[in-house]
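Student: What follows is the residue order along each chain.
Protein chains: 4
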Amino acid sequence: MARIAMLGTGLIGMFYTVALQGKRGRDEVTVVYGRDPERTKAFAEKHGVPRWTTEMAEAIAASETDAVVIGLPNHLHKEAVALAVEAKKPVLCTKPLARNAAEAREILEVVEKAGIFHGYLEDLVYTPKTLKAIASVQQGAVGKVLWTRSREAHPGPHSDWFWNKELSGGGAIVDMGCHCIEIGRSFVGKDVRPLEVVCWGDTQVHPIEAEDHAVGLVRYATGAVAQFEVAWTFRGGMDLRDEVSGTEGSIWLNHWLRTGFEVFSSGGPGGYVAEKAESETGWMFPVGDEAAALGYEAMFTDMLDALEAGRPPVETFYDGYVVNAIMDAAYRSMETKRWEPVELEIWRGTEGGEGRAAAAAYDERYDLIKRERMPDGRVKLILKDRSSGEVVQKVEGS
Amino acid sequence: MARIAMLGTGLIGMFYTVALQGKRGRDEVTVVYGRDPERTKAFAEKHGVPRWTTEMAEAIAASETDAVVIGLPNHLHKEAVALAVEAKKPVLCTKPLARNAAEAREILEVVEKAGIFHGYLEDLVYTPKTLKAIASVQQGAVGKVLWTRSREAHPGPHSDWFWNKELSGGGAIVDMGCHCIEIGRSFVGKDVRPLEVVCWGDTQVHPIEAEDHAVGLVRYATGAVAQFEVAWTFRGGMDLRDEVSGTEGSIWLNHWLRTGFEVFSSGGPGGYVAEKAESETGWMFPVGDEAAALGYEAMFTDMLDALEAGRPPVETFYDGYVVNAIMDAAYRSMETKRWEPVELEIWRGTEGGEGRAAAAAYDERYDLIKRERMPDGRVKLILKDRSSGEVVQKVEGS
Amino acid sequence: MARIAMLGTGLIGMFYTVALQGKRGRDEVTVVYGRDPERTKAFAEKHGVPRWTTEMAEAIAASETDAVVIGLPNHLHKEAVALAVEAKKPVLCTKPLARNAAEAREILEVVEKAGIFHGYLEDLVYTPKTLKAIASVQQGAVGKVLWTRSREAHPGPHSDWFWNKELSGGGAIVDMGCHCIEIGRSFVGKDVRPLEVVCWGDTQVHPIEAEDHAVGLVRYATGAVAQFEVAWTFRGGMDLRDEVSGTEGSIWLNHWLRTGFEVFSSGGPGGYVAEKAESETGWMFPVGDEAAALGYEAMFTDMLDALEAGRPPVETFYDGYVVNAIMDAAYRSMETKRWEPVELEIWRGTEGGEGRAAAAAYDERYDLIKRERMPDGRVKLILKDRSSGEVVQKVEGS
Amino acid sequence: MARIAMLGTGLIGMFYTVALQGKRGRDEVTVVYGRDPERTKAFAEKHGVPRWTTEMAEAIAASETDAVVIGLPNHLHKEAVALAVEAKKPVLCTKPLARNAAEAREILEVVEKAGIFHGYLEDLVYTPKTLKAIASVQQGAVGKVLWTRSREAHPGPHSDWFWNKELSGGGAIVDMGCHCIEIGRSFVGKDVRPLEVVCWGDTQVHPIEAEDHAVGLVRYATGAVAQFEVAWTFRGGMDLRDEVSGTEGSIWLNHWLRTGFEVFSSGGPGGYVAEKAESETGWMFPVGDEAAALGYEAMFTDMLDALEAGRPPVETFYDGYVVNAIMDAAYRSMETKRWEPVELEIWRGTEGGEGRAAAAAYDERYDLIKRERMPDGRVKLILKDRSSGEVVQKVEGS
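Protein chains in written order, with the working numbering: chain A, 1 to 398; chain B, 1 to 398; chain C, 1 to 398; chain D, 1 to 398.
Do not rely on the hints blindly, as some may be mistaken.
Which copy is meant is left open, so a pair is good if it fits within one copy or across any two.
[What the hints assert, rightly or not] Below, simulated BS3-like cross-link-like pairs (lysine-lysine); rule was C-alpha separation at most 30 Å, straight line: (1) Lys113 x Lys89; (2) Lys190 x Lys337; (3) Lys337 x Lys165; (4) Lys380 x Lys144; (5) Lys78 x Lys46.
Just so you know, the hints here were simulated from the structure itself, not pulled from any lab data. Quantities reported herein were computed from a predicted structural model and do not represent experimental measurements.
Next up, chain A with everything else stripped away, as it sits in the complex:
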């Protein structure tokens, strides 16, 4: 059992608390910190949290606090981590770890220097589908990964600070790109070095400074490319999809709008259908168990099991730092309009990649480009003459 100090009372603090205390969980949020006393008190009452405070240090240092969960706006992560380190408490921080790689590195170094347990609350890597898909990829179900696509798009976040670049560090990339980048990295392999990024981003709709729409490509040392797509401009609910393409297979995940739950209603029930749904009549696509589908349950299971077992969780502050470094390159690419290198002063994975899959020799003269069965049942080969480069086709048995 873990006793948690929850920092933050917004949507994310609510989701974390529900996930931690939900079902037959053995963990408890024992103190909650918020800036606004009324709101914090209400949060504590609603979720049965015995103690609340508007002093962050108090929540962290409380004797009943076994671990600290940071669910605060991005600009407050560094301060909160520092307080946890001071109190020598394990600390779990929401995504993104920081507003940029420099800040993320500072945060990483302070916890590592102090030897503090740290977890990076990258929930979307932990959705039941994503976990199983990553395991399938690791078992070879799709062969060598060639390309991934991770997309998160909706009509924009619920809280004001997200829309303020000072406080958040950016726009849709900082808000959601961090998810998409880490999902892509998890499919490609987290020990594979991200080399460079090209990114388009624009402020297409809203009267804000930061980008409300962006698409980027991250190129990895194996030659794989991981595509991320983020938007605060999407209409239709929340579009949360991942795709992987490899030499031997493909995976398509749809986490939100098409999960096998389809409702048509001519006149709404008046209730809350799903996070970021846009309407209460017509065809709607709710999600069965939102906290589970978003990965919160499996994430805290890993985090707290890791804490108790004395092992690192799947996602640590180091991962948060790598993601920030990739996002920094994306923002530079938006400015320079070219591929920008990912600057990773700290790199703990492998170097070099694997190059192209070895050409399959067909015989002494030819390499095999493609083998396919034709409608008439015969097999056609497309071959390349290794010396002349000529491409020919040949029907087997003819």
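Since chain A is already given, all that's left is putting chains B, C and D on it; use the hints.
Tutor: This is chains B, C and D only, laid out in the frame that chain A set:
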């Protein structure tokens, strides 16, 4: 926290134990009973259960047993419940409650007479999607329920006793129809009386006595019809779908083969893809978190919360009895080839139904049959003359 | 090239004309008959039909009429066919052929006696998906057919006469059950005798005499069961789905609401989205090419190619008669509340069925019930002792 | 009626011929040209083409040739067009128009100078779903278009010349990117200037010179971005999907692998399931009418109707030229690793774009960033102070 005696070490015992002990759960299986010592010992070791036995009474009476979970073949439920009653332990029994309504009634009466807490482990009513869909229906999202369809079909069960009519009480209806019937009942309203059943069943493929395929209709007092479809003959994996149709809307649930998780693999990873999947190459449709998707998590949460709170769970032995009574009528209908009444000696819901939705009067002369917008934007009305019965159409504004 | 007399100017006449004259078709509607002069004239102008009339006999007898297409209400089919026979013109009649089997038989006999070419315009058997699925079934893709389900449901027809039992002959069964029954029959095999029907039907919502909702089962001589589901009470658009389940496979068709075309619109474009769509905002599911998706194109291609080639089309008046006989049994079953025989005075298919698939002998003692691969990779067999009937399980290699 | 000279006997020539002569079409292929006499003769026999030749000029000049359809490898388009111009015959050319923009411009100029009718056979713009989606976008269903995604991916083409960069002009971009680019352009608006392109491409799997995988972004003058994704490395069949995202809505199209046709077969029927399907067992996803689903029917309808009516078709050689110019920029970007301008010496659309959607003023002080309904029913506004830039939130009615 609840300390559980698990009776049974088959697939269902495994799923129950994983659900009870999974994630950050606070409950524990403290003793497991099985008939085969080797298998029971292996089960205990695999799932970290501290004690195992081949004596059912011992597991139930053990001082560390707070509650008993029955995961045994159908013909053993009555004996196991009797032992729990004797030991005055709360008892949760897998589906179906019994082999027929008479046996179910005996089981119900023995627990009620003893005042023992009892839960009916009807997991498919508890899937995250089903729970949310039932709540939507109760909130009026589809209006008055007119029709439901619940389908469970796969290539047949894993254990031998299912295929033996003596031990199981029947075939696919007893195995899976109980799920489909209770899902339909949950949509129509559990206090609405099931009136009669017509059912087709046949042994189409397997060399067995019992039906391996059946389709039935249950007519309720409100006029709603709940359709159940069960098969041990289905090819393609496990087909687990529900539909509801009401005066104001529709719901379609797909729990298994189309949940937003799609994998193509040219050469399998060698691993376990999903319960009852049929292949390890080509397009496959795994489920993210099987125990959650099948409702085990939410079911035990309700059951054990109810036990602690001193309230009945959503599904009690009484529900199991009603389901058995409906299945009995289905089996009779297979014999007599006609609608058969549902014989419920114990009925605790409402009597009577609601009849047809009141006709909407259009004006003094006509009832409104239908109002529709035509492609050209005008509105067409189809009206019925209340006295002459004549049906006419009228374009508004023309 | 065929020159067509189109009888009827309603929705069905419009769809037929668009299909016949659409794209780069070589056929032409050269005369159109309708009861209302204004409407008929407008129809002719809109579709470029050179001649119109309010005299049915004139349209049929016209020198430029090569073939007659009947798109009239059910109670007028017999008269129209008689006029075509009199004029010795090939005749294609919309579905259902008649209001009941007796009337259908009269219609069939009059055309056969006169040796007139006749086609039954059962468009939903001809959708591109259905045609390919039937071909797959015939090639053995699903093995022996065990069960089919065909569903058509929407909020009710557009014209007044459908709602008048006198004119139409019935309700949703006569309107749409004819489609579903012939689709099921096409999957089971059109030469397999339909034996009996059980059917539930009710008037759940509308102030009409006829059923607005029905579900029926047709049992065939091979043991296959074909389920039909029809509703004028469905909310959400038009639900048009078919399923087939066989010993070796399964097919699922969705013709309308989920065809890979998904639109979310916050504020409607003002246009016509799709036949029987219910809204113009929110998530909508249009169909690309409605006339093609509903089978009209492939149907007229078969019909007119057959006429030119002097062969019968896939669907003849005989098929229409069989369908009427099955619907008659369904209506009787609604009254008697039991399975009712299909009374076919004219039967041109095979007699007898195939019985259960032969049991697979495992060895001298056992029949094989099921073979399955377990999660650990081993193969488990479920076997039945032929003499004792005992069911056992055995793990291969153990 | 049009009498067609078909140049080419490959897969594309076959699809074109089937589409032209299929169903009840009034057009005919009257002569076919191929380089290989045996194959050409066989093609003519199979498709009922009365005349065949290995002389391209002969086929074009034949007195029975009303129009020429070019279905040849890319490097032969220019020569074929020149011969058609010489013979003063209308000419329809397959995609891409040429190997690069310079060659495309030459082709365009020669037909325009001669005043010859020309059509660009961009079939995927003409699929029934795409046509309807483009019409919806033009009617305003999604508001202002912000982003599009068009994807075509499969395991590689059937003929050898595609794999030879000399003959084809490139790899997957030239083969399929032309489709995706024109689809994106059709959604954004064909009169909107494409400004610049960034593109990643790589040869990931095959022993060839050209790219077998590429992703690019095309930025348009309105600020919209059109994403294209092409791969010869995809496993699982043919992935053919389009998406559009606008200020008021979204569209998702799936043309191939998920169209509402789903088959599971344990042992294949031996037949041809679908173009580029990868297996004949397990779950498969055929397409009902392939020629229609790929747009061939609607394309030739538009082309030949346009020819007869003396109007230009939807897709002309000019469109082919624009697409080639965009592909040229994509190839340059792959080299320079930066955004590259689209060089269009001939531009016939509008100049300038529309900029960001006008900010919605909330009151004298604030702009509205977002309005949303909260779970509790109240409406929350996120506002930006126009002078200070501060972002605040406000709950209406509180």
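Student: Which of the stated hints cannot be reconciled with the structure, identified by number in ascending sequence?
Tutor: Result: no hint breaks.
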